[in-house]
Structures are given as C-alpha cells and as structure tokens.
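Peer 1: With chain A held as given, fit chain B onto it using these hints.
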Amino acid sequence: MPVIYSQEWYQAMFDLANSRDDISKKLPQGEGCVAVEVQGDGRSPYIQAGETKHFFIRFRDGKVAEYRESEERIPSKGLNYRVIGEAHIFEGVAAGVLDPVEAGLNGSVTIRGDMRALMQHADLVKVIFEVYSDSNVTDWPLGKPPYL
Amino acid sequence: MGEDTFDAIVIGAGHNGMALSAYLGRSGWRVLVLERRLEEGGGLSTEQYTRPGFLHNLHSNYHTFVGLCPVYKDLDLVGGPDGVSYATPPVQMGSIFQDGTALTIHTDMKKTHASMSRFSKKDADTFIRLYEEVKGFQDLMISTLMYAPPIDVKDIAKALSIWKVEDKTEFFRPRLRAMSINDFLNKHFENDRIKAMLAFHAAVCGYYTDESGLAISFPFMLGKIDNWRIAIGGSHRLAHALWRQMRRNNVTLLPASPVSRILVQDGRAAGVRLEDGREYYAEKVVASSVDLHQTFRKMLSPESVPKELSGSVDKYEYQDGSLFSVHMALHKAPTYRAANFDPDINRAWVLNLGYERLEDFNNDWDDIRKGRVPEEPKLNVAVNSMFDPTDAPEGKATGLIRAFAPFSMDGKGSGAWATSFKEVYMERCIGRMMEYCDGFEHADILQAKPYTPLDIAEKLPNMVNGDWMVGKIADSNLLANRPSKPLSQYRTPIPGLYLCGSCTHPHGFITFGPGYNALQSIADDYGLEKWWIEI
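Which chain is which? The protein sequence lines are A and B, in order.
Numbered according to my numbering, the first sequence spans residues 375 to 522.
Numbered according to my numbering, the second sequence spans residues 1139 to 1673.
Here chain A stands alone, though its shape is the one from the complex (with noise of 0.2 Å):
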C-alpha cells in the first residue's frame, strides 16, 4: 500500500476514484476546481505544525482530470471549493475512524464554496467521502490515526 501524501498515494486515490464510473456519470459534467488546506496541527506525524500542505484537483466530466501539489495557497480565482482543516481530521478520515460529514457538522474541516450543489448531489458526495475513507489504500509509517 502506498504511503499516505506520496506521489503513490495521492494516484491510488484517484484510480479508485476515477474507477467509479457510477459515480463519475451523475456527477456534473464539465469542469470543477478544488483547493484543500491541510494544516499541520502537532499531532499529525506527517504534517508538521506550522505547515500547510496545499492541494489543486481538477473534475473534468466526474473524473479527476489533474492534481497538483503546491507551495502557496491556490488563488480564490476558478476555484469551486476550498477545503481547511486539520491534519488529524483529514487524516482521520482517510483512515476512517473520523465522519467527514460529522467533521463538517463541528467545524473541524471548513468548506468554503456553494453548498447548494454538494446538497443537491448529497448521495454523490457520500460515495465520494466513502472512497476517501478507505482505509485499506494507506500505508501509515509514522503511525495511524487515532492519534493521541
């Protein structure tokens, strides 16, 4: 299994991802942009605290058609959605111990951006949570989560 933020790891996601044709043909075609923040928090081994790991995901047609990994924060400019949060949160998730939905419900991971779509297509963004947080793509060198 590939080791969680390697170059492996972020394609074994979206294999899987884009393997879901079920999933990839209700979703809205066309082109989609996200951002996600993920804060280093002291508890993630893997992220320390202080830095920010920023993320770029083009959607084109329900697939996941780039991704990059950057130094800055991706500009607001395009964007559809950003997505903030904690290490240990999102980590927790890929791990699935931790609910994405009851993340969002506490604030734990903030999402900017238009909600109405994510509700209008809620059974969708449940599937894609339930790809995220197959725990059996990751390998966890440094420890998993829980993390205490």
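Read the hints as simulated data drawn from the structure, not as lab findings.
Worth double-checking, as some hints may not be accurate.
[As the list claims (entries may be wrong)] No farther apart than 20 Å at their CA atoms in a straight line, the calculated lysine to any residue pairs in the SDA-like style are these:
#, chain 1, residue 1, chain 2, residue 2
1, B, K1550, B, N1478
2, B, K1587, B, E1185
3, B, K1470, B, R1485
4, B, K1534, B, A1581
5, B, K1302, A, V501
6, B, K1453, B, K1550
7, B, K1302, A, E476
8, B, K1534, B, K1292
9, B, K1325, B, A1225
10, B, K1422, B, G1140
11, B, K1296, A, S450
12, A, K500, B, E1304
13, B, K1306, A, K399
14, A, K500, A, R490
15, A, K451, B, F1358
16, A, K500, B, S1439
17, B, K1211, A, K399
18, B, K1668, A, A496
19, A, K399, A, F503
20, B, K1302, A, G481
21, B, K1292, A, M489
22, B, K1249, B, D1482
23, B, K1453, B, K1470
24, B, K1296, A, D497
25, A, K451, B, D1212
26, B, K1623, A, R490
27, B, K1292, A, Q494
28, B, K1306, A, M489
29, B, K1436, B, R1629
30, B, K1453, B, R1507
31, B, K1296, A, G406
32, B, K1249, B, N1478
33, B, K1292, B, F1358
34, A, K500, A, R442
35, B, K1668, A, G481
36, B, K1306, A, A496
37, B, K1273, A, G481
38, B, K1273, A, T484
Peer 2: Just chain B now, kept in the frame of chain A:
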C-alpha cells in the same frame, strides 16, 4: 450612455437596494437608485422622535447578523471612517418574571449557563450543548441557507437524510421541518421560564412560535443568541455607511423620486417612469426592492404581468401581527426589582417582561390573529442609551417598549390605531413595565410617544400591514417558496426585471440576504466577476 440611462436602476433605497447598488457600482456598472422618501435607509430609520437630543430607532433596532453576513465585510460597513460602530451589550437579553426572578443571556455563555442553572441545571446543560453544536455548522449553514439563492427545502432535507446528519447531531435533523418552535422547546427543555426566554428570542426575530415548520430555523437562531448588536448613533448610521459606499462607487441616489411605472419595451424591463413624469432607462437591469404588490400590481402595467404570476402575487401572505411601540425620553434608565435575584438584569439590553411560558405566546398569537389587541401587553423593552451614550443627552436615557399587536383590529380596522386608543394602550404598556421596575415612576419619563402598526405601514408601505418581515414567516413562504417558486431566484418572467427586497428569501430584518442574493443571480446572468466571493 445618456445621462438618463444606466446599466441598472434599483427601486427603493432600503438596506437591500442600497447594498445591491453598491456592489454593482463597485463592479463598474452605472447605477441609479430611486427612493420615494426624502431620505435613504428604509427600516434603518433613526429620529429625534420624542425630544431633541433623544435618538429613537423607529423600525430596526436589533442588528443580529453583524459578523455573519458577508455584506458588512464586502462593503466595509463596520468601523473605519466610513463605517458604522457597533456595541455588543455583555448582557444581551433577559426575562423578568412576576415572582421577582430573572434569567439573563450573556455573550459569555458560562454566565448564561449559570443563570439558566438557577431554573434548571438540566436545561442549562441542554442549551449549552445545543449552542455549541450549532456553532460548529453555523457558518456553513448560514452561507448556504441565507446568503445564496435558495434551494428547495426538500433538497436540504434529503441531503441531511443521506448524510445521516440525524445520527451525528443531537438537535439538527430533517424532522424539524414538521415541528414548530414550541414543539422543539417542549421536546428538549423542561423549564417553562427557559422555554419562554428562548421563544422570546425567536418572536423578536419575527418567528411565530406556534407556526409549524419553523423549528428547522430555530437552532441557527439560537446560535446567534449572543450576537445582538446596537448601532452607535442609531440604526440610520448603517444607512449612512451604505450611502458612503454607494457614493464611492459612483452610484446615483435620487430621494423624493417615487416610481410610478416600470417601463417594459419589447417584453423587457427597460426603465422606469417617476410620478413627476421623468423617465430613466436601464440597459441591463431594473431591480425592485419594494414589496410584491407594489412591483407587480402598481408599477407594472397589467398586460406586462404574466397571468400565471398574478395569482401568486395576489395570494401572497403577510405576518399575522405587527408591533406597537412606545418611544421614551427618560430622566434615567429604569431598574428592576428582579435585580435582587440577578443584578445583571439591570444591565441587559433586550428584555422580556411578561412572557412566562409558551402558552403566553400562544395566547397572544391567538388574539392577534383574531384582530384583538392583547389586553395585558407583554413587552420587549430596550434602553439603548445604556450602551450608546450618544443616544440621549448627558445624564438622560432613551427607552423603547414594544408589544406584538394586530395591524387591523377586529371590527375597527387599522384606523383604530389613529384614534386616542394608541395613547390608552401606550399608558397600559408603560404601566405594565413599571410593575417590574424598582423606583421608576411616571415623573422619570420626560416624554413618551406611541408608534403604531399603522404608522409602520404608512411610513414604509413596503411593510404591508405593518409587517416588518415583508411576508409571512412560514414553511410555505421560506427558501425556494418565497415569494413564490417562479420568483424565488430573484428573476421575474420579465427579462431584465429582478426582485431584491425583503419579500424574497430570506425575509425582512437587517439580513441583507435579499439584496446580496439578487446580486448573485444578476452576476450569473450578466457574467459579472464575483469579486465579493472569496473561496
């Protein structure tokens, strides 16, 4: 573009119309705003109503969306040389009960918990859990449910169900759609006084506690129970801040310019004609911030209004009741006997005097729906000068009493408010307040002056029947149902004509939601870059 031609014309200089015009102006559009009255601001009205030097907010007094609504930040409305200053009273609200006890809501929730615990520790704990749960998703839900063109409540309920929100929260769940605020309070709380305090908060926000379906909004409302703000120098200062932003962005405001007709050419809104015959033309947008009836029944010619729309305009419903107010110039701020129980009650801003249990609200709503003025008025009382010394001459105070009341009295109509009854009812309200006071007498009142539901409707015809929410607050008239499904996205069947007033989602009150949301639809239709949205 000629001098009489603009990109957009906005009808009405209330806070929604002003905000929309400022955004469009900053986007580079030439914008004209036409206002019937001599001054801008609509419900942001502050006058020396009793005596010189005493400032009274005749309509909007409580601003609860500061810091939550994006308009304040986008348009730099708070602080700085051009903005308005707000005070946040540390003791936000309170209830005084007939047995001399009192309950207080603080910005410090530990103090709120302590106050509630004196009535019910269990309810105090429940309230804090509820408050903290809501705080987690408040930003998310407010941006989704208030500051975006609305989606159908069925879509929202479906999403909550698919995401199994019910399993992850204690209070927020799809079934609230079928419950009233009374139902919600009875389900989660046991103490009558705590229920009354929380119901009072909803009632002052314009939500009738017995209306089925409103429980879905109640948790969000409680999440901002600690966000009651007072505009220093009066609510009209917010209108000044808006006006300065309009001017900065080259928006033209013409007061005393009532619109008599929205001009439709080739099926498209093309401009307006004023009562004095002047005409102005809009190349892109005419946006009406006045109520539905004025827009579709008075300003548009009958042949311009599609038949399928006429029915929904005529059937549009308003709130059952309005507000009767007493504005007072005072020698001193009143103090209360209940301070023996809780000294903080003398420092509370928004006070409930009279509602002791949910049945008291139900009885008032019942009276109001039948056109009866409640015999024994139950009051909300606020002394703004305690937090804004500019509100009154040094050493003096301003006071506001409000009571829920019908617009039209059974058998007498609304004209009854123009008779001496208003003075009789004012004295009844003052007498009622004094029952709770400690050493506060008639001699402490320099002058008192009533402001009736009829006064509201006459000053601001947009508030039909004195309805400051500009339309019924009910499941059938919220989100994508407001003011009707075909109009809910702020567009009308007449190309180029938009709605941006409080008859649209979310509702009246100083939310800025209607103006801000209309902006989103206009921006989508005309390809405006949404500089105001930061993702």
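Peer 1: Could you run down the list of hints and mark each one as holding or not?
Peer 2: Going through the hints against the structure:
1. Between K1550(B) and N1478(B) the alpha-carbon distance is near 43 Å, which puts this suggested pair outside the 20 Å criterion.
2. Among the hinted pairs, K1587(B) with E1185(B) is consistent with the structure: their alpha-carbon atoms are about 12 Å apart, no more than 20 Å.
3. Proximity of K1470(B) to R1485(B) is assessed by CA-CA distance (about 13 Å); at most 20 Å being required, the pair is judged to hold.
4. Between K1534(B) and A1581(B) the alpha-carbon distance is near 13 Å, which keeps this suggested pair within the 20 Å criterion.
5. Taking the CA atoms of K1302(B) and V501(A), the gap is near 13 Å; set against the 20 Å cutoff, the hint holds.
6. The suggested pairing of K1453(B) with K1550(B) is violated, with an alpha-carbon distance near 23 Å, which exceeds 20 Å.
7. For a cut-off of 20 Å, the pair hint linking K1302(B) to E476(A) stands: about 10 Å separates their Cα positions.
8. With a CA separation close to 52 Å, the supplied pair K1534(B) and K1292(B) exceeds the 20 Å bound.
9. Distance restraint check for K1325(B) and A1225(B): the Cα-Cα separation of roughly 34 Å exceeds the 20 Å cut-off, and the hinted pair is therefore not satisfied.
10. At most 20 Å may separate the alpha-carbon atoms for a hinted pair to count; K1422(B) and G1140(B) meet this at roughly 14 Å.
11. Proximity of K1296(B) to S450(A) is assessed by CA-CA distance (about 30 Å); at most 20 Å being required, the pair is judged violated.
12. About 15 Å separates the Cα atoms of K500(A) and E1304(B), which keeps this hinted pair within 20 Å; it holds.
13. Proximity of K1306(B) to K399(A) is assessed by CA-CA distance (about 29 Å); at most 20 Å being required, the pair is judged violated.
14. Taking the CA atoms of K500(A) and R490(A), the gap is about 15 Å. The hint holds against a cut of 20 Å.
15. Proposed proximity of K451(A) and F1358(B) is contradicted: the alpha carbons are some 30 Å apart, above 20 Å.
16. About 49 Å separates the Cα atoms of K500(A) and S1439(B), which puts this hinted pair outside 20 Å; it is violated.
17. A distance of roughly 39 Å separates the Cα atoms of K1211(B) and K399(A); the hinted pair therefore is violated under the 20 Å criterion.
18. Under the criterion of a C-alpha separation no larger than 20 Å, the hint pairing K1668(B) with A496(A) is inconsistent with the structure, at around 25 Å.
19. The straight-line distance between the Cα atoms of K399(A) and F503(A) is roughly 17 Å, inside the 20 Å bound, and the hint therefore holds.
20. Taking the CA atoms of K1302(B) and G481(A), the gap is near 17 Å; set against the 20 Å cutoff, the hint holds.
21. Note on K1292(B) and M489(A): the hinted pairing holds, with a Cα-Cα distance of about 15 Å set against a maximum of 20 Å.
22. About 10 Å separates the Cα atoms of K1249(B) and D1482(B), which keeps this hinted pair within 20 Å; it holds.
23. Restraint check: the Cα-Cα separation between K1453(B) and K1470(B) comes to about 47 Å, which exceeds 20 Å; the hinted pair is violated.
24. Distance restraint check for K1296(B) and D497(A): the Cα-Cα separation of roughly 9 Å lies within the 20 Å cut-off, and the hinted pair is therefore satisfied.
25. Restraint check for K451(A) and D1212(B): satisfied, since their Cα atoms lie roughly 16 Å apart, inside the 20 Å limit.
26. Proposed proximity of K1623(B) and R490(A) is supported: the alpha carbons are some 17 Å apart, at most 20 Å.
27. A C-alpha spacing of about 10 Å is found between K1292(B) and Q494(A), which places the hinted pair at or below 20 Å, so the restraint holds.
28. A C-alpha spacing of about 19 Å is found between K1306(B) and M489(A), which places the hinted pair at or below 20 Å, so the restraint holds.
29. With a C-alpha separation of about 18 Å, the suggested pair K1436(B) and R1629(B) falls inside the 20 Å cut-off, and the hint holds.
30. Restraint check for K1453(B) and R1507(B): satisfied, since their Cα atoms lie roughly 17 Å apart, inside the 20 Å limit.
31. Taken as a hint, the K1296(B) and G406(A) pair is broken in the structure, with Cα atoms around 23 Å apart against an allowance of 20 Å.
32. With a C-alpha separation of about 17 Å, the suggested pairing of K1249(B) with N1478(B) holds against the 20 Å cut-off.
33. Simply put, K1292(B) and F1358(B) have alpha-carbon atoms about 18 Å apart, close enough for the 20 Å limit, and the pair holds.
34. Distance check on the hinted pair: K500(A) and R442(A) sit about 24 Å apart at the alpha-carbon level, beyond 20 Å; violated.
35. Proposed proximity of K1668(B) and G481(A) is contradicted: the alpha carbons are some 25 Å apart, above 20 Å.
36. Restraint check for K1306(B) and A496(A): satisfied, since their Cα atoms lie roughly 16 Å apart, inside the 20 Å limit.
37. About 8 Å separates the Cα atoms of K1273(B) and G481(A), which keeps this hinted pair within 20 Å; it holds.
38. With a C-alpha separation of about 12 Å, the suggested pairing of K1273(B) with T484(A) holds against the 20 Å cut-off.
The structure is inconsistent with the numbered hints 1, 6, 8, 9, 11, 13, 15, 16, 17, 18, 23, 31, 34, 35, although it conforms to all the rest.
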